[in-house]
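Numbering (my numbering), first residue to last: 6 to 499.
By construction, these hints were calculated from the structure, which means they are not laboratory data.
Hints may contain errors.
What the hints assert, rightly or not - No farther apart than 25 Å at their CA atoms in a straight line, the calculated lysine-lysine pairs in the PhoX-like style are these:
#1 267 to 53
#2 405 to 367
#3 53 to 12
#4 367 to 356
#5 425 to 367
The structure displayed is predicted, hence computed values, not measured ones.
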Amino acid sequence: MIEKSLKELAQGLAAREFSSVELTQTYLERIARLNPQLNAFVTLDAAKSLAQAAAADARRATGEAAPLLGIPLAQKDIFCAQGWRTTCGSHMLENFVSPYDATVIERFDAAGAVNLGKTNMDEFAMGSSNETSYFGAVKNPWDTARVPGGSSGGSAAAVAARLAPAATGTDTGGSIRQPAALCGLTGLKPTYGVVSRWGMIAFASSLDQAGPMARSAEDCALLLNTMAGFDTRDSTSVERPAEDYTRLLADDAPAKPLAGLKIGLPREFFGEAERAGCDAAVMARVDEAIAAYRALGAETVEVSLPAMQLSVPAYYVIAPAEASSNLSRFDGVRYGHRAPEYTDLDDMYAKTRAQGFGAEVKRRILIGSYVLSHGYYDAYYRQAQRIRRLIADDFARAFKECDVIMGPTSPGTAFRIGEKAADPVQMYLSDIYTIAVNLAGLPGMSIPCGLADGLPAGLQLIGNYFGEARLLEVAHRYQQATDWHRQRPTALAD
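Required output: the full structure, derived from the provided sequences and hints.
Here it is in structure tokens:
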């Protein structure tokens, strides 16, 4: 059962080949056996999961047949879930049990999906390796000495190791796409505002976006059908007609299903000098994937994104500034960790935050407070927002010449645990290809495109605003012609 797609699992449940309780129990047993090697889950509650599964079986017995009814899913521990511990990977929220559901959780509950548990993550989603979690580093199932990527590394590791058929993630600067690439998965960051952020613990409010992580584009489309939708509780939620993200994925495609598609190849990714910044084996797999797209009928054109070179410095002004504001609520007064000993209110604030936050979170709060301070706001924060506008304008011009933009997702494969921990700048550069998409608010996804020295490599696809259905189709056609998305880790002793 663990190799079945979401559609195949739904078909098996509908045909009564197995029940949701049996399916959920299979995954829970696998988690119990393999999670100690991976540290992918931080919170499990078998009784709750099996109760949801039993309720789903009862709904199916009445004739209900929703696509995700009875399907077990893993939830990133950034989404509040009523009655579940919700830690955001931090000591600050180590014992916080949410009194309400995030909109994403509400939607999955209404669809009848089963919550398998909460997955490990970089603390408050700040990181590119899943090493900043208070609960310890997550291990990559392809090589447990390596990182799975971050911040959604727990979700990525869980799906790659078949501890869950699919999972949720969040992407602020590449935190769905980068771990998807490093773990050999398909991950989608939707257009900003397509999926509600209500009940999702905030890191950088103008950049955060929830999305699906699964083994295929088809599975991601099924998940997005449930996740997407307008939410009056989220002021950044976009009100637009509902759509079926699976509508372009019919299997009866012609021999060249992508005839007429124009793929933009940015010279900032594929120029001779720029190629040197990417691992040669990863770039070779990306080139092979683009050749496969040409064989499917697509045409490639060169485009330019000149302001993209400024995306990393702009991001690391804007994101820490918003984090500094968002994380000010964790003060030991209302909920979360409070220092056990203090002399007065100021001392309580200082000791609570010093004890509750990890080093990377503190670093970003300090940077954010600095760039927002009097005398530096105009010099740094306002300038970064202007660069953000230039980046978005570059993408707008590029999409006049092409339908989708492609390139590497990550400049390398999964690196060793601890390899970049002492050099924050090198860690930040892990997201060099993904950050611009968040700054512009565009949809982007990563799909597996081969192995580089035995480890997964990812191809990034970037679409125009609200172009998720087309992006999913482009990914799906490639996955119909290749089997990289079906490869599974061999290093894990399961």
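Evaluated hints:
1. 267 to 53: Answer violated: residue 267 to residue 53 is near 47 Å, above 25 Å.
2. 405 to 367: violated (42 Å)
3. 53 to 12: Roughly 24 Å separates the two Cα atoms, so the pair holds.
4. 367 to 356: Answer holds: residue 367 to residue 356 is near 13 Å, not above 25 Å.
5. 425 to 367: Holds - the C-alpha atoms of residue 367 and residue 425 are around 18 Å apart, at most 25 Å.
Violated hints, in rising order: 1 and 2; the structure is consistent with all others.
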